[in-house]
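Residue numbers (our numbering), protein chains in the order written: chain A, 1381 to 1496; chain D, 33 to 143.
Among the clues, some could well be false.
[Stated by the list, open to error] The calculated label-pair distances, taken between Cβ atoms and stated as ranges, are: (1) Lys1437/A <-> Ser39/D: 27 to 33 Å; (2) Pro1450/A <-> Pro40/D: 27 to 33 Å; (3) Ala1433/A <-> Gly126/D: 16 to 22 Å.
Since the hints were made in silico from the structure, they are not lab data.
Virtual Cβ for every residue (Gly too), placed ideally from N, Cα, C.
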Amino acid sequence: DTGVSQDPRHKITKRGQNVTFRCDPISEHNRLYWYRQTLGQGPEFLTYFQNEAQLEKSRLLSDRFSAERPKGSFSTLEIQRTEQGDSAMYLCASSYPGGGGQETQYFGPGTRLLVL
Amino acid sequence: SQELEQSPQSLIVQEGKNLTINCTSSKTLYGLYWYKQKYGEGLIFLMMLQKGGEEKSHEKITAKLDEKKQQSSLHITASQPSHAGIYLCGAHTGANSKLTFGKGITLSVRP
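This is chain A alone, in the form it adopts within the complex (with noise of 0.2 Å):
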């Protein structure tokens, strides 16, 4: 077990550019989720996936965002026309809901973007 992996750790873009990460989640996990955390603040959550199915989305995620998931394993997020609003740090965390409602979600090491 690798646990979740991101990439890139770190992406300094210009304003307008657009931004794509990846994340892999651990192998038997069939939840991914992705969160936002800005300075200061716990991490907000953008969106899930079930296997393939994109599930739930937040009003966070704007038109600009796009989350991929296309063989339920690895997931993209992509950012178009990237703002300076947009900096933040980037969560993947995935889980495999158990029974009682117990569903661990782990997480990866983050993507850290900056838009200048």
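Given chain A, put chain D in place with the hints provided.
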């Protein structure tokens, strides 16, 4: 929507001292997760509490869930510099599987 309030906002303790931090929910808690985060890194899972009155321990960290008070506490015994970091509590919002988090508590441990 559910809100999680964490207190204190930050804490500085001398190595070897005990400490307690809290997480209070605005709504009924059906389960609560504690994570630790080093600055600029991902969240490390510590413990999950599901039932009222439940208490779990791992090494020198003990977490409790008080369902009536809608509150969880995390206690560290004989703190060490390795305990320093940001402690975040998270909870499911109703039947949804997504987690809502508090703002976190920054713990510093002075050698």
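So, going through the hints one by one against the coordinates:
At roughly 32 Å, the beta carbons of Lys1437/A and Ser39/D sit within the given window of 27 to 33 Å. Hint check: Pro1450/A to Pro40/D, Cβ distance near 44 Å, so the stated range 27 to 33 Å is violated. A C-beta distance of roughly 20 Å is found between Ala1433/A and Gly126/D, which places it inside the suggested range of 16 to 22 Å.
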